[in-house]
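Number of protein chains: 2
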Amino acid sequence: MNALFAPSLNIALTHYPVVNKNGDTIASAVTNLDLHDIARAARTYGLRRFYVITPLEDQQRLIKRIVDHWVCGVGGKTNPARREALALIGICDDIQGAVEDIRQETGLTPNVVVTCARPGPARISFASFREKLAAGKPHLLVLGTAWGLSETLITTADYVLEPIQGGTDYNHLSVRCAAAIMLDRLLGTP
Amino acid sequence: MNALFAPSLNIALTHYPVVNKNGDTIASAVTNLDLHDIARAARTYGLRRFYVITPLEDQQRLIKRIVDHWVCGVGGKTNPARREALALIGICDDIQGAVEDIRQETGLTPNVVVTCARPGPARISFASFREKLAAGKPHLLVLGTAWGLSETLITTADYVLEPIQGGTDYNHLSVRCAAAIMLDRLLGTP
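Just so you know, the sequences run in chain order G and A.
For the first sequence, counting from 1, position 177 maps to 750 in the working numbering; every step adds exactly one.
For the second sequence, counting from 1, position 73 maps to 646 in the working numbering; every step adds exactly one.
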């Protein structure tokens with residue numbers, strides 16, 4: 574059981590600032606299945622919170638409507654397991670908002686760990702990140718939608734996590750699958 | 574690099590026979606994002622083939638239309654990485670059809686390894702399965718949609734894989750995320 578360790582981890586799915594295919598900074602649209610899949614993985618691995626990040630008010634309303642359906646509405650009555658998962662979702666304008674929420678609720682400032690499918694210098698390894706979580710310090714693991722997090726967001730993080738290696742030169746996992754693999758590497762009990 | 578080992582693994586996503594919430598055997602509907610997510614994960618970990626299993630002709634036509642769009646149509650022109658992934662998809666009526674396809678193409682009969690979120694007796698561990706793959710014998714990893722594979726299919730398999738443990742009592746991962754975690758545990762290079 575990771576009961577002692579897991580609440581130190583939070584995850585954030587970012588819709589702004591992310592880049593598109595051409596490298597331009599954009600705000601991406603929320604994908605319903607991202608919310609469900611990442612919430613279910615977050616609940617499986619005992620995370621404290623799953624933050625969905627977008628500054629767009631209409632997108633925030635959409636997320637709230639989806640979450641309410643499963644947490645307070647008929648969705649949760651039909652499928653209580655789904656309620657447990659989506660109840661982990663919090664909505665924030667930006668990463669700083671999620672950091673502030675963690676600070677207010679736990680009294681501790683989390684380390685921000687961003688993800689990037691490209692290799693590069695000074696990446697933190699999964700093994701090293703796993704040790705930090707086991708030591709109890711709160712962390713916020715940040716994933717990007719579209720073609721990934723914008724460089725400005727990456728450079729301001731405390732750590733950049735090493736990319737997932739699958740033994741081939743192909744690095745185009747969906748953000749849903751990448752999140753699940755990361756949580757398993759950080760908190761799974763093989 | 575797993576280049577020598579990975580082609581021994583194939584994955585199958587089953588839409589019949591699976592069970593619904595009440596335990597009745599049903600044929601589930603194909604989900605577009607299952608095809609994309611599992612194909613991308615299969616390509617990332619260098620799998621030989623991703624079989625989508627359904628005996629329903631209209632569902633097979635739908636799968637073929639999706640795959641054609643990305644492999645032969647404009648989808649693949651716009652996004653060549655997605656073409657590489659969806660090109661791994663094969664369509665079969667049942668698991669036996671996938672086994673036969675592997676036998677015909679490789680000359681070897683694969684072991685069939687089914688998955689089940691419930692714990693039970695005589696499960697094969699991820700570590701032991703990983704060793705078998707490294708030894709080069711072909712395997713077909715079978716996942717179920719809806720509420721999972723029917724018991725009749727589970728009992729006829731060569732092995733039942735142990736469930737994914739996330740350190741909590743919650744075992745409701747999406748099939749997309751479960752597939753990705755399994756491939757990472759079997760072929761990932763942390």
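Check each hint, because a few of them may be wrong.
It does not matter which identical chain is used: a pair holds within one copy or between any two.
Claimed, not checked - Derived pair list, reagent style SDA-like, types lysine to any residue, alpha-carbon separation capped at 20 Å:
#1 K710 <-> P692
#2 K637 <-> A600
#3 K637 <-> A654
#4 K705 <-> N652
#5 K594 <-> P580
#6 K650 <-> L681
#7 K705 <-> I599
Think of the hints as simulated: they come from the structure by calculation, not from any bench.
Exercise. Honestly, which of those hints from before does the structure not fit?
Worked result: Violated hints: 1, 4, 5, 6, 7; rest satisfied.
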